[in-house]
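Enquirer: So the chains spell out like this:
There are 2 protein chains.
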Amino acid sequence: MRNQQVLIDSLPQGKLSAGNYRLAETEIAAPKAGEVLVKTTAFAITAGTRAGLQGSASYAGAPTTGVVMNSTGVGEVIDSTVEAFSVGDAVVAPTGWQTLSLHEARALTKIDPAHNPVDYLGPMGVNGLTAYFGLLQIGKPKAGETVMVSAAAGSVGHLVGQMARIKGCRVVGVMGSDAKADVLLGQLGFDAAVNYKDANYRQLLKDATPDGVDVYFDNTGGMILGSALFRMNVAGRIACCGVVSQYDTDSPEPGPRGIPGLLVNKRLTMQGFLLFDFVEQYAEARQQIHSWMQAGDLISLTDEVKGLEAAPEGFVDLLAGGNVGTRIVRV
Amino acid sequence: MRNQQVLIDSLPQGKLSAGNYRLAETEIAAPKAGEVLVKTTAFAITAGTRAGLQGSASYAGAPTTGVVMNSTGVGEVIDSTVEAFSVGDAVVAPTGWQTLSLHEARALTKIDPAHNPVDYLGPMGVNGLTAYFGLLQIGKPKAGETVMVSAAAGSVGHLVGQMARIKGCRVVGVMGSDAKADVLLGQLGFDAAVNYKDANYRQLLKDATPDGVDVYFDNTGGMILGSALFRMNVAGRIACCGVVSQYDTDSPEPGPRGIPGLLVNKRLTMQGFLLFDFVEQYAEARQQIHSWMQAGDLISLTDEVKGLEAAPEGFVDLLAGGNVGTRIVRV
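In order, the protein sequences belong to chains L and Z. So in the working numbering, spot 210 of the first sequence is number 210, and the numbers just go up one at a time. So in the working numbering, spot 188 of the second sequence is number 519, and the numbers just go up one at a time.
Just so you know, the hints here were simulated from the structure itself, not pulled from any lab data. Each hint should be verified, as a subset may be incorrect.
Only pairs whose alpha carbons sit at most 30 Å apart, straight line, appear in this in silico BS3-like list of lysine-lysine [as the list claims (entries may be wrong)]: (1) K266(L) x K597(Z); (2) K15(L) x K197(L); (3) K597(Z) x K142(L); (4) K597(Z) x K15(L); (5) K597(Z) x K167(L); (6) K473(Z) x K370(Z); (7) K266(L) x K498(Z); (8) K140(L) x K597(Z); (9) K266(L) x K471(Z); (10) K498(Z) x K471(Z); (11) K197(L) x K167(L); (12) K473(Z) x K597(Z); (13) K167(L) x K142(L); (14) K140(L) x K471(Z); (15) K266(L) x K473(Z); (16) K471(Z) x K597(Z); (17) K346(Z) x K266(L); (18) K110(L) x K32(L); (19) K473(Z) x K140(L); (20) K167(L) x K206(L); (21) K471(Z) x K142(L).
With the rest of the complex left out, here is chain L (with noise of 0.2 Å):
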């Protein structure tokens, strides 16, 4: 069978484009025993792989160009050499940016037909694990107090932000455009939301922190947590989730003023954490999230791009602050 991809064509010097991925058509094989052939329906598109570009300091590893663009994706079962998978199953699987996919059995996860499979890519997937973990068990939130998430709006943000607010506390967001600060405010109860472009931002943080920040959720680092680090209160949580505003560039700025002298006079806790270091306890937070979903409580935005061709256009439009939500791409 045809397969569609889209390829790492060549590693971005400074700023990606979508000249860095080159489209291409392969033959696929038939799943050898053991394997699945999963069609694509969907996948999501997440900053985080932006790092994966970048050369050895990053979790994702060295790049490499001429392969496919990795992601998680939905899909379907077309084949199936597998007991446990038959043809029609929707699978969240690694699909990367392309029509087809071959998988073993345990790289997939069958989604029980009660959900809508695209949540998987959002809140009951990787984002919605990651904000969950992130902010109870690093951030450790206590009713009462102010958290405050960067890139808010983002796939993860909206998640966290809105996590915050159900156990109890006050939620301001830190994001990049007026339109994104409306959704926040309007549509998922967030109770205040700061333009990082602002000239006054740093004054309208602080209007918008008066009893200061109690957890920090930062998937942004740079000048936001910068900023943060000075509206702290003794003995906050900094949960280090990503580093957004250092991925599309050659030239990482040096980390904020401030560390480690506001760390020590404020005895303040950053801590960095990863997905996959809470694998054993998945099941119950998706449990816990679908339990929210159910009752209305939280909300996934999504934001979605027509078409595997027009995915690496997505990617660089996400990389500029362009999504509000988990961006998709529909195959």
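Chain L is fixed; fit chain Z onto it per the hints.
Expert: Only chain Z this time, still in chain L's reference frame:
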């Protein structure tokens, strides 16, 4: 009675100099009801007090001129209106840089005659307790792990390294002279000592930490913190105790590169702490430290300066790395 004092005459612009201080002689009153008059026998000079001359971004509060330079000291009660303290008692007190001082009883700690009073400026005092809680409760080293400490020959660092050795860790000290390295290796049982002024510092650090670093006790911030980040193992802990590299300047560096990126990739925890958060555990810690000293496992190095008037030069020299162990001014 006449009281000899060292006053802060001006706030340093850039580096501290002895000229920022002046000697003064004033009359001290007899103790009022509830007060105790203490004659200073010795006081400690610690790098952290430099932060108190630095403006508001410090736990030491906003700086003032015309006041006595602060410090912890030991002394003898020479007049008392309080039943709990009698003439001749040895006490620890916030004496400051002066020969006489008046205190409320609650500011004083009586020294057991079984102890050498000066130990209360080192291992049994602020430095020892800081090393103890920072290493054990923030760094949480396990036997067999590698512990790295900066300012390793300093008042806190030389105790941290020995405590880590007692806990069964491989101990790597970073300091600024080969003479200090000799002390760490020859007298204190460090496994390795690396001079950060060496042109090959990064390579030497790598060679000294073949299994990476599990716990980094950071007294310096700056470049040495940056170097530690690259040597940290997954799930490592960084105890942020002080920022001596940034105290003696009015233009502190930005934070090291790799924050927060390396914190995420390696799931590191950086945690700042201040000693007084552990006040309820001081007695227990002092008992443990005392028994290590009795057993000969923990050696206290002191570095004495003679006479009150020598304190300013002693402080300037300490900030330039001139001390080995706890710098004490004998009055």
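Enquirer: A separate judgement is required for each hint: does it hold in the structure or not?
Expert: Cross-check of the supplied hints:
no.: 1; hint: K266(L) x K597(Z); in the structure: holds, 24 Å
no.: 2; hint: K15(L) x K197(L); in the structure: holds, 19 Å
no.: 3; hint: K597(Z) x K142(L); in the structure: holds, 26 Å
no.: 4; hint: K597(Z) x K15(L); in the structure: holds, 25 Å
no.: 5; hint: K597(Z) x K167(L); in the structure: holds, 28 Å
no.: 6; hint: K473(Z) x K370(Z); in the structure: violated, 43 Å
no.: 7; hint: K266(L) x K498(Z); in the structure: holds, 28 Å
no.: 8; hint: K140(L) x K597(Z); in the structure: holds, 20 Å
no.: 9; hint: K266(L) x K471(Z); in the structure: holds, 20 Å
no.: 10; hint: K498(Z) x K471(Z); in the structure: holds, 10 Å
no.: 11; hint: K197(L) x K167(L); in the structure: holds, 29 Å
no.: 12; hint: K473(Z) x K597(Z); in the structure: holds, 18 Å
no.: 13; hint: K167(L) x K142(L); in the structure: holds, 7 Å
no.: 14; hint: K140(L) x K471(Z); in the structure: holds, 20 Å
no.: 15; hint: K266(L) x K473(Z); in the structure: holds, 26 Å
no.: 16; hint: K471(Z) x K597(Z); in the structure: holds, 17 Å
no.: 17; hint: K346(Z) x K266(L); in the structure: holds, 25 Å
no.: 18; hint: K110(L) x K32(L); in the structure: holds, 20 Å
no.: 19; hint: K473(Z) x K140(L); in the structure: holds, 25 Å
no.: 20; hint: K167(L) x K206(L); in the structure: holds, 23 Å
no.: 21; hint: K471(Z) x K142(L); in the structure: holds, 25 Å
When the structure is compared with the earlier hints, a violation turns up for hint 6 alone.
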